[in-house]
Amino acid sequence: MAKKSVRQAINEALASEMRRDPRVVIMGEDIAGGMGAPGEDDAWGGPLGVTKGLLGEFGRDRVLDTPITESAFIGAAAGAAATGLRPVAELMFVDFMGVCFDQIYNQAAKFRYMFGGKAVTPLVVRTMYGAGLRAASQHSQCLYPMFTHIPGLKVVIPSSAYEAKGLLIQAIRDDDPVVFFEHKAMYDEEEEVPDEAYTIPFGEANITREGDDVTVVAFGRMVQFANQAADKLAKEGITCTVIDPRTTSPLDEDTILEEVAATGRLVVVDEASPRCNMATDISALVAQRAFSALKAPVRMVTPPHTPVPFAADLEDLYIPGPAQIEQAIREVAA
Amino acid sequence: MQLSREDLLKAYRQMKTIRVFEERLHDEFATGDIPGFVHLYAGEEASGVGVCLNLNDNDYIASTHRGHGHCIAKGCDVSGMMHEIFGRADGLCGGKGGSMHIADLERGMMGANGIVGGGPPLICGAALTAKTLGTGGVAVAFVGDGGSNQGTTMESLNLAKVWNLPVIFVVEDNGYAEATSSSWAVAGDAVRRAAGYDIPAQQVDGHDFFAVNEVAREAVERARAGDGPSLLHVKLSRYYGHFEGDAMTYRDPDEVSKLRQDKDCLDLFQKRVNEAGLLEPAQFEEIDRDVATLIDDAVASARAAPVPSAQDLLTDVYVSY
Chain A
1 MAKKSVRQAI
11 NEALASEMRR
21 DPRVVIMGED
31 IAGGMGAPGE
41 DDAWGGPLGV
51 TKGLLGEFGR
61 DRVLDTPITE
71 SAFIGAAAGA
81 AATGLRPVAE
91 LMFVDFMGVC
101 FDQIYNQAAK
111 FRYMFGGKAV
121 TPLVVRTMYG
131 AGLRAASQHS
141 QCLYPMFTHI
151 PGLKVVIPSS
161 AYEAKGLLIQ
171 AIRDDDPVVF
181 FEHKAMYDEE
191 EEVPDEAYTI
201 PFGEANITRE
211 GDDVTVVAFG
221 RMVQFANQAA
231 DKLAKEGITC
241 TVIDPRTTSP
251 LDEDTILEEV
261 AATGRLVVVD
271 EASPRCNMAT
281 DISALVAQRA
291 FSALKAPVRM
301 VTPPHTPVPF
311 AADLEDLYIP
321 GPAQIEQAIR
331 EVAA
Chain B
1001 MQLSREDLLK
1011 AYRQMKTIRV
1021 FEERLHDEFA
1031 TGDIPGFVHL
1041 YAGEEASGVG
1051 VCLNLNDNDY
1061 IASTHRGHGH
1071 CIAKGCDVSG
1081 MMHEIFGRAD
1091 GLCGGKGGSM
1101 HIADLERGMM
1111 GANGIVGGGP
1121 PLICGAALTA
1131 KTLGTGGVAV
1141 AFVGDGGSNQ
1151 GTTMESLNLA
1161 KVWNLPVIFV
1171 VEDNGYAEAT
1181 SSSWAVAGDA
1191 VRRAAGYDIP
1201 AQQVDGHDFF
1211 AVNEVAREAV
1221 ERARAGDGPS
1231 LLHVKLSRYY
1241 GHFEGDAMTY
1251 RDPDEVSKLR
1261 QDKDCLDLFQ
1271 KRVNEAGLLE
1281 PAQFEEIDRD
1291 VATLIDDAVA
1301 SARAAPVPSA
1311 QDLLTDVYVS
1321 Y
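Line by line, the protein sequences are chains A and B. Residue numbers for the first sequence, in this note's numbering: 1 to 334. Residue numbers for the second sequence, in this note's numbering: 1001 to 1321.
According to the in silico footprint, chain B covers these stretches of chain A (three or more CB under 8 Å from chain B):
{"id": "1", "stretch": "58-70"}
{"id": "2", "stretch": "73-87"}
{"id": "3", "stretch": "112-121"}
{"id": "4", "stretch": "146-155"}
No more than 16 Å apart at the CA atoms, straight line, and that leaves these computed lysine to aspartate or glutamate pairs for EDC-like:
{"id": "5", "chain 1": "A", "residue 1": "K118", "chain 2": "B", "residue 2": "D1077"}
{"id": "6", "chain 1": "A", "residue 1": "K118", "chain 2": "B", "residue 2": "E1106"}
{"id": "7", "chain 1": "B", "residue 1": "K1010", "chain 2": "B", "residue 2": "E1286"}
{"id": "8", "chain 1": "A", "residue 1": "K118", "chain 2": "B", "residue 2": "D1090"}
{"id": "9", "chain 1": "A", "residue 1": "K118", "chain 2": "B", "residue 2": "D1312"}
{"id": "10", "chain 1": "A", "residue 1": "K118", "chain 2": "B", "residue 2": "D1316"}
Hint data in this document are derived by calculation from the structure and do not stem from the laboratory. The beta carbon of each residue, even a glycine, is placed where N, CA and C say it ideally should be.
Using the sequences and the hints given, assemble the complete structure.
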């Protein structure tokens, strides 16, 4: 099996589903690039090259560059999904949700319920999130808790290239609106990824490390940091179960509760701002349903309650890393 | 183009159905038995019907919070609508949408919308589907004068033009966005705004069914021919408040009675048809009787219909979860 980057894995998922189903179209700002300009077609292939090459295979009718009007084209993707297409729209940075959120959370998310179960809205919104590229406060946030909050949306946060391909294919084949989060610092990370199409079901957590002492739940890029911390501590005899829930909605509550019941100790690692994030959500879940199993207080590893800073030294301080996770594990294991 | 007698009868039946539906809702709402917010379309019938007479089930519309008229004009089941507005389990949306979210995708009705300006982006998507799959369909976004100011509408005009989509934007300007006059709130005007996007646009008297129907036909033909979006600025009047319960203290006390006297779209329709000798008075009377019965029956059956069950609270959120 060949090693592929997260970027390649996502590109392959899009290409395979576009080949498989003519109703799949992709749209977004400069997902090809070069529209109306004198230079090359497919000039960008997305701001970080994720959709590069799809224009050549599928043409302008299915690879739709848009003006910078997120409300119009995210809404158009929702309307197209409700009327027979299976669009994958790229919201370049999730921070831009502020200029189009109505079309996602009031429109697409609620069609099915408001219309008495008669609407099917197979929409995927791919979006880039996360800190680490010195992109500052308006291009670095982890806003998945805000989408997770909305009934009617599914929220996916892949933690690696293999995960990204399988989860994106599942998202495109899924009949509900899905928001798919891609960490901007992970596109070049590689691992073995099959050439053929495969799906990873939603709501089924992946256990990336097995251990007896502490359960660690982490999301997206934080999964690899949690794995690093777990691997280091294992050498000292502290073993961790690391859970990657893969999707925050639906959330695999059973796996989390079972593993906490087994270890009695929980650390939740979340790159999102600390109030009302996935760490608080899972802490509440465990407090409510596994309280008697807990041998120590739950620890949450998150950034501080600040915007994401620009300066490199400040951003490095902001992002939760393996050292903080290790520290939290030691504290609950003590 | 001359409308057939069949078209005229259909148009009158729909306009009359909307009028009686809305006037009856005005009375029923006053009993306290209808939950939530209700925004009535009475007075504006010539617009929805004039536009939608050019459409078929293959075409889509997106509506506004003032959506009952658009639903009826697009062919939604009238009794199912009444049941929905009463919050009944067998309403068009199972009682989960209500007045502000009535929809019937099978009839190409993408929903009333509780968000002012919510519809135009969605209708660009319906038009994209039609274009991509080659269905031959067109898509119509109704917005009010208030909605015409929203960024979503501006963005959608731009996208529809850039993507050359088969869209018709219908700005129904009833003079008031809630309690604020469009003469104050709308800078410039809709036709000149559309011209800024190189989108063909016309203003039309929305009290005149024939005028609306004619300009809408041109716009729909343009869209079906692949020649892109159009905009209609329809000047019309609403007979009731922004919502039921609105005392309308922002209007002249005799404004509505004058409009009913001089500009009523049903009166103008009948006068025009009678003068041209196109329909017999007995044909209008027959439709009036049918409509009265239809609405009476719809209200009676809605009142008697079951409310949703407790289990219905949790269903229809996802296809699978």
